[in-house]
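S.K.: So the chains spell out like this:
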Amino acid sequence: MKPLVSIVGAAETDELGKLPHLSAVELAAQATRSALADAGLTIHDVDGIASAELNPVDLADYLGVHPAWVDTTSVGGCSYLAHVRHAAAAIAAGQASVIVVAHGESGRSYVGQPPWRHTPGGLVEQFEGPYGVVGPVSTFTLGAVRYLQTYGVTPEKLAAVAVAQRRWAEQVPRAQRRDPLTIDDVLNSRLVVYPFHLPECCLVNDGGGALVLVSPERSDDFPKRAVQVVAAAEAYDSPTAAGLSDVISAPVFARSSQAAFAAAGLTPADVDHVMIYDAFAHLPLFGLEALGFVKPGEAADFVADWQTAPGGTLPLNTSGGGLSYTHTGMYGMFAIQESVRQLRGEAAAQLDRVETSFVQGVGGGTFTAGASLVLCRD
Amino acid sequence: MADRLSPVPTPETQPFWDGCRQHALRIQWCDNCQAHFFYPRVSCPRCGSVAAVRWVDARGRATLHSYVISHLKAPGYEPPFVIAIVQLEEGPRLLSNIIGVEADPDALVLDMPLEVDFEPRGELAVPVFRPAQPTAA
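Keeping their order, the protein sequence lines are chains A and B.
Heads up: the first sequence at position 59 corresponds to 59 in our numbering, and the numbers run straight through without jumps.
Heads up: the second sequence at position 74 corresponds to 74 in our numbering, and the numbers run straight through without jumps.
Simulated from the structure, these hints should not be mistaken for laboratory data.
Where hints are given, some of them may not hold.
Calculated from the model, a selection of chain A residues having no Cβ within reach of chain B, i.e. all distances over 12 Å [stated by the list, open to error]:
| # | residue |
| --- | --- |
| 1 | Gly17 |
| 2 | Tyr110 |
| 3 | Pro195 |
| 4 | Asp301 |
| 5 | Arg344 |
Pulled a few chain A residues facing chain B out of the computed Cβ check, cut under 10 Å [as the list claims (entries may be wrong)]:
| # | residue |
| --- | --- |
| 6 | Glu128 |
| 7 | Tyr151 |
| 8 | Gly292 |
| 9 | Val294 |
Cβ atoms here follow ideal geometry from the backbone N, Cα and C, with glycine treated the same way.
Kindly generate the complete structure, drawing on both the sequences and the hints.
M.R.: See below:
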């Protein structure tokens, strides 16, 4: 299968967590310098740069790069998956040769951090904002009660999502939440928004990551074996929670993943490792069902049977994910990074055999944007 | 309650907010599609028509589609309180608060009938929903 584009460099910031000594742009720049070093390249090789909330022109200039191509697609946490897709098209069209996709977010310390967009008179601000909505935590979570009741999912089984991912995070030194966690621990934690307890909601901290992308024709010319992007897809839906056609599934997950599987000529049975963007504990359940790993309504039993945990049949969110590894606000970059590490054999909780990894991202205050990548070992 | 956020209408949504101030839940109807839609906009999101779209008053009856009980502070709100997706009898869904009921899962039965009420927000008012009174047979 012919790759779309090759990942020849990948890195995260030196540290994750509370980093008030680093601004958002420096978080992205630090990760970019490390990713370029990983690829054996320098800033002088870069002619394209993509970032989301952070203006890519600002980041480029800060790094000393004056690029010929930028992508500032900002559709929430899956923006970086979309950037990879756009970069693949740009490289194939000859618009750029070395593209850096960079994320830096001071999501906790808010140092040099662009504010969340707030538009008086905007759609979400008019029709959701007046009701005590304080962000995605109030709206992303809205379909969960109906999902849980439709399929008879108990609080214990929702809690199992957080527990399964913590079992991975226990093996990952950089994970921000690493203490052993039980279902009782989750259910005895404070409710943030019913039915979600604190460990069922993602972390919010500081960090960054970057990827270096080149044409597959050049992918043998770099120090490390490339990770090949063999398919990429995007899908978009309503920015409002009430505007989604269905609240107990994730239509954007289904649409982008089906397009990616079709483009790759693969099925869920071909996938060795999965990352599903987990801002809240129901997202992996919606994702497992929408991506076709299990049938609708079966994901909670699958997770509660520890099939996605260490030793299970489908390793999912093996860094600990947004719930336990890190979540800066726009987590998608970290999902891609873990897939790259697994495919390179560099992960902290390294799996024995990973040929194909599927990354599913989401973005917005609800299931507004979906983006999927299929990554393979070269 | 005085601190709760007020919506900022735009020219296209002004008729909706004017309706709320008069305690009318004004939504839109497309003659082509024979269907209602929400939120307010100039063209029908199903067929794209501008000419076929008109304003109508919804009956104000809805059901509880899904919800969260927020334990987070928000301007003018004392947690816990209920944020919900309600489904209007006419079809469209909207985000709102459920009032007149305990913020307790046992009291919040999915698909329970609701009726609209209006909560003042400065010069404006926003639609909220409460459990429907039993209708006379």
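S.K.: Now tell me, hint by hint, if it's right for this structure.
M.R.: Going through the hints against the structure:
1. For Gly17(A), the requirement that its beta carbon stay farther than 12 Å from each beta carbon of chain B is met, with the minimum near 23 Å.
2. Distance check on Tyr110(A): its Cβ is at least 18 Å (rounded) from any Cβ of chain B, clearing the 12 Å threshold; non-interface status holds.
3. A beta-carbon of chain B is positioned within 12 Å of the beta-carbon of Pro195(A); the least distance is around 8 Å.
4. For Asp301(A), the non-interface assignment is confirmed: its Cβ lies about 21 Å from the closest Cβ of chain B, beyond the 12 Å cut-off.
5. At roughly 39 Å from the closest C-beta of chain B, the C-beta of Arg344(A) stays outside 12 Å, upholding its exclusion from the interface.
6. Given the 10 Å rule on beta carbons, the hint for Glu128(A) holds: about 5 Å separates it from the nearest Cβ of chain B.
7. The interface hint given for Tyr151(A) is broken, as the beta carbon of that residue sits about 13 Å from the closest beta carbon of chain B, more than 10 Å.
8. Hint on Gly292(A) is violated. Least Cβ distance to chain B is approximately 24 Å, over the 10 Å limit.
9. The beta carbon of Val294(A) is not positioned within 10 Å of any beta carbon in chain B (closest approach about 22 Å), and the interface hint is therefore violated.
Of the numbered hints stated above, those contradicted by the structure are hints 3, 7, 8, 9, listed in ascending order.
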